[in-house]
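*Asks:* Each chain is listed here by its residues.
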Amino acid sequence: MITAEKISSTDKLVSDFEAVKKTLPGNSFVQSIRQKAIESFSALGIPARENEEYKYSNVQKLFSEAVTLSVVEMTLSKISIDKYLIPNLDAHIIVLINGFLSEELSLLKNLEKSVVVSSLQKAFEKHSEFIERHFSTCADINSDAFIALNTAYASDGVFINVPDNTVVEKPIHIINIIAAKESTFFFPRNLFVVGKSAQVQLVETFETHDLPVKAISTSVTEIAINENAKVQYYRLQNDCGNGQQINTVSASQQKNSHFDTNTVTLSGGWVRNNLNIALNGENCESHLNGLFITSDTQHVDNHTLVDHRKPHCESNQTYKGILDGKSTGIFNGKIFVQRDAQKTNAYQSSKNILLSDDATINAKPQLEIYADDVKCSHGSSTGKIDEDALFYLRARGLGIESARKLLLHAFVNDVMQTIRINALRDYLETLIHKKLGE
Amino acid sequence: MLTIKNLRAGIEGKEIIKGFNLEVKAGEVHAIMGPNGSGKSTLSNVLAGREDYIVSGGEVSFNGKNLLDMSPEVRAREGLFLAFQYPIEIPGVSNINFLKTAINEIRAYKGIGPMEAKDFLKLIKEKQALVELQGSLAGRSVNEGFSGGEKKRNEIFQMAVLEPTLAILDETDSGLDIDALRIVANGVNKLRSENRSFIVITHYQRLLDYIVPDFVHVLYDGVIVKSGGKELALELEEKGYDWIKKEVVEA
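In order, the protein sequence lines correspond to chains A and B. The letter at position 149 of the first sequence is residue 149 when you use this note's numbering, and the numbering goes up by one with no holes. The letter at position 184 of the second sequence is residue 184 when you use this note's numbering, and the numbering goes up by one with no holes.
Derived from the structure by calculation, the hints contain no laboratory data. Every residue gets a Cβ at the ideal spot worked out from N, C-alpha and C, and that includes glycine. Be aware that one or more of the hints could be misleading.
Here are the simulated lysine-lysine pairs, DSS-like style, with alpha carbons at most 27 Å apart [unchecked claim]:
#1 A:LYS364 to A:LYS334
#2 B:LYS246 to A:LYS384
#3 A:LYS434 to B:LYS151
#4 B:LYS230 to B:LYS246
#5 A:LYS384 to B:LYS100
#6 A:LYS12 to A:LYS170
#7 A:LYS214 to A:LYS230
#8 A:LYS405 to B:LYS18
#9 A:LYS334 to A:LYS405
#10 A:LYS405 to B:LYS100
#11 A:LYS214 to A:LYS181
#12 B:LYS230 to A:LYS405
#13 B:LYS5 to B:LYS18
#14 B:LYS226 to B:LYS5
#15 A:LYS109 to A:LYS181
#16 A:LYS61 to A:LYS364
#17 A:LYS61 to A:LYS122
#18 B:LYS125 to B:LYS65
#19 B:LYS110 to B:LYS100
#20 B:LYS100 to A:LYS435
#21 A:LYS405 to B:LYS151
#22 A:LYS343 to A:LYS196
#23 A:LYS364 to A:LYS326
#24 A:LYS375 to A:LYS230
#25 B:LYS151 to A:LYS384
#26 B:LYS125 to B:LYS151
#27 A:LYS55 to A:LYS343
Here chain A is said to cover these stretches of chain B; the calculated rule only asks that three of the stretch's residues, wherever they fall, bring their Cβ under 8 Å from a Cβ of chain A [claimed, not checked]:
#28 23–34
#29 48–57
#30 92–104
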């Protein structure tokens, strides 16, 4: 057990790594990546406020509070996961407790036989060919301190391999549960490999179970999407107040592939989502949609990076925020169009409604274009609820509260319509209705 | 039904309605005409309860209750309807969903349970025919991408569904071609009854060829300066508003 270690800074995390590295899973290939990752983390350091990428999210403060390092498994057996299930969603269930896969709580019924679902630890041993081909290839340890930190410490998570030409019929629902009695760091690490012409729908939810203290989860999910594959990836962050998350999802798309993501944040005290998509083949399509509805002192920071590296690709981003109380929202969307990426279509939109004078939004769209035959556009708007529309509805007999709700639901409607799993969309509607009714 | 006594109101510190009086009885159709800037739109906004407009004096009684004490939604639930001069586009809210919510909130106010789905659909179908509104329009987002004529027809459609006792038509004829004008006017005429009153606010006489009023009032500088029967509208059409302005100045 290393759980008694107290850490508070980059140096401490680096020196602690020396102490724990022998206990971390993985063969010499993995260990050498870990070594490079900690060196990169040491060089990059926990980003300061001066770092443009972390300007509005004070991660140094987050890490300055003494917390425990957790790289060992914690079991929560015999808890009921019923309350974390999505009503009417017929899905394969994978449960991760503090990033560790719980075989006891997971339920894979009638999963297509060729599909591999295992803990990352087991995958390090049993599926080393996939690990060596894909681990740490989508998420670049030199690009971000938290990718480096997670790669060094990565303890467990879920590995999914959907072989070529395989269509996974039912969605795979990954339930992330954070549970801790004392303030703790976690480093969940997932790897999804989707073969040529394969299709899969992934739903990831983030929850807490009995969390009286602050917990910081620094997770990385890598998704390798091969030719002609179609991946839908939905993330719902409906965490309670003490969960603090820095999540990175890095996807790499090969030619003719489709990748749709939705990131919905309704609760959770402090959330930073990094979503990086590299379009490494021609004719790819990416749809990135996001929605955050915040209140109180919530902090939700969405950073997206879409890197168009090949011609004839299309990317679309729509992020919407509704902010109340003293909450803070950030949308920072970067689109790179590389020199070779001619005939790129890239679109980005960030729209926000502030319900209170104390809520803040920082929206920053960025385009960097090095090709000359492209169509790119971005837009950002922030405002209050439309008073004219509100009056129109009230003049028809709707009470002010139901008129407001109707308008806010309408505002998020286009993002909701991109969710193609009906049970998930219904569940979200219910959660949103509840959240807006507070 | 509606009694307005010495109403004074304005916006942003400027008084626009300056002692307005009107009595509308059940079943009557009153036309209020006037040149631009005379206070026509302010009057309709004040009656519908728009909060930007400040009432500085006078009384408005609607079916015996003090209208000015009511929020916009309560006015609507009590039976007042404003057909907007510029109907608002609300993307993402379907006409049907919006009307269902409106009907059920009005019913709840009156202590009646929600309307059965099949009754609601029957009602929608019936009222759509009244203003020759395409079925697909009713399913679309409120006024989104509607033409000027479609928006005005949608207003009358909503009025038909909500069945108010007093409807205020605020320049419903503006921006309508002659065919759309006829459709809108036919819709209104079919809704005329001995229990339902109308205030038709308009700049031009032509709407009144189709919706024939019982009374015509001329609004100028925030007060009614002349009242008469339907023939007054024709006189205005012939002589223009300058004639009225001159009379006011001379008086």
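*Asks:* Next step is simple, just say for each hint if it's right about the structure.
*Replies:* For each hint, the structure was consulted:
1. Between LYS364 of chain A and LYS334 of chain A, the direct Cα distance comes to roughly 8 Å. Compliance with the 27 Å bound is thereby established for this hinted pair.
2. Distance hint between LYS246 of chain B and LYS384 of chain A is unfulfilled; the C-alpha atoms sit about 46 Å from each other, more than 27 Å.
3. Under the criterion of a C-alpha separation no larger than 27 Å, the hint pairing LYS434 of chain A with LYS151 of chain B is inconsistent with the structure, at around 33 Å.
4. Straight-line distance between C-alpha atoms of LYS230 of chain B and LYS246 of chain B comes to about 21 Å, which keeps the hinted pair within the 27 Å bound.
5. Among the hinted pairs, LYS384 of chain A with LYS100 of chain B is consistent with the structure: their alpha-carbon atoms are about 26 Å apart, no more than 27 Å.
6. Taking the CA atoms of LYS12 of chain A and LYS170 of chain A, the gap is near 44 Å; set against the 27 Å cutoff, the hint is violated.
7. Straight-line distance between C-alpha atoms of LYS214 of chain A and LYS230 of chain A comes to about 37 Å, which puts the hinted pair past the 27 Å bound.
8. Straight-line distance between C-alpha atoms of LYS405 of chain A and LYS18 of chain B comes to about 37 Å, which puts the hinted pair past the 27 Å bound.
9. Distance restraint check for LYS334 of chain A and LYS405 of chain A: the Cα-Cα separation of roughly 31 Å exceeds the 27 Å cut-off, and the hinted pair is therefore not satisfied.
10. With a CA separation close to 15 Å, the supplied pair LYS405 of chain A and LYS100 of chain B stays within the 27 Å bound.
11. Taking the CA atoms of LYS214 of chain A and LYS181 of chain A, the gap is near 9 Å; set against the 27 Å cutoff, the hint holds.
12. Restraint check for LYS230 of chain B and LYS405 of chain A: not satisfied, since their Cα atoms lie roughly 44 Å apart, outside the 27 Å limit.
13. Straight-line distance between C-alpha atoms of LYS5 of chain B and LYS18 of chain B comes to about 11 Å, which keeps the hinted pair within the 27 Å bound.
14. At roughly 16 Å between alpha-carbon atoms, LYS226 of chain B and LYS5 of chain B fall within 27 Å of each other, so this suggested pair holds.
15. Simply put, LYS109 of chain A and LYS181 of chain A have alpha-carbon atoms about 33 Å apart, too far for the 27 Å limit, and the pair is violated.
16. Using a Cα cut-off of 27 Å, the hinted pair LYS61 of chain A and LYS364 of chain A holds, with the two alpha carbons roughly 23 Å apart.
17. The suggested pairing of LYS61 of chain A with LYS122 of chain A is violated, with an alpha-carbon distance near 35 Å, which exceeds 27 Å.
18. Taking the CA atoms of LYS125 of chain B and LYS65 of chain B, the gap is about 34 Å. The hint is violated against a cut of 27 Å.
19. Simply put, LYS110 of chain B and LYS100 of chain B have alpha-carbon atoms about 15 Å apart, close enough for the 27 Å limit, and the pair holds.
20. At roughly 23 Å between alpha-carbon atoms, LYS100 of chain B and LYS435 of chain A fall within 27 Å of each other, so this suggested pair holds.
21. Of the supplied pair hints, the one linking LYS405 of chain A and LYS151 of chain B holds, its CA atoms being roughly 23 Å apart against a limit of 27 Å.
22. At roughly 24 Å between alpha-carbon atoms, LYS343 of chain A and LYS196 of chain A fall within 27 Å of each other, so this suggested pair holds.
23. Note on LYS364 of chain A and LYS326 of chain A: the hinted pairing holds, with a Cα-Cα distance of about 20 Å set against a maximum of 27 Å.
24. Pair hint LYS375 of chain A plus LYS230 of chain A holds up; C-alpha atoms about 24 Å apart against a cutoff of 27 Å.
25. Taken as a hint, the LYS151 of chain B and LYS384 of chain A pair is honoured in the structure, with Cα atoms around 25 Å apart against an allowance of 27 Å.
26. Distance restraint check for LYS125 of chain B and LYS151 of chain B: the Cα-Cα separation of roughly 18 Å lies within the 27 Å cut-off, and the hinted pair is therefore satisfied.
27. The hinted pair formed by LYS55 of chain A and LYS343 of chain A fails the criterion: a straight-line CA distance of about 33 Å is larger than 27 Å.
28. Counting residues of the stretch 23–34 of chain B whose beta carbon lies closer than 8 Å to any beta carbon of chain A gives 0, which falls short of the minimum of three for the stated coverage.
29. Counting residues of the stretch 48–57 of chain B whose beta-carbon sits less than 8 Å from any beta-carbon of chain A gives 4, enough to reach three: the coverage restraint holds.
30. Only when three residues or more bring their CB closer than 8 Å to a CB of chain A does the claim for the stretch 92–104 of chain B stand; here the count is 8, and the claim holds.
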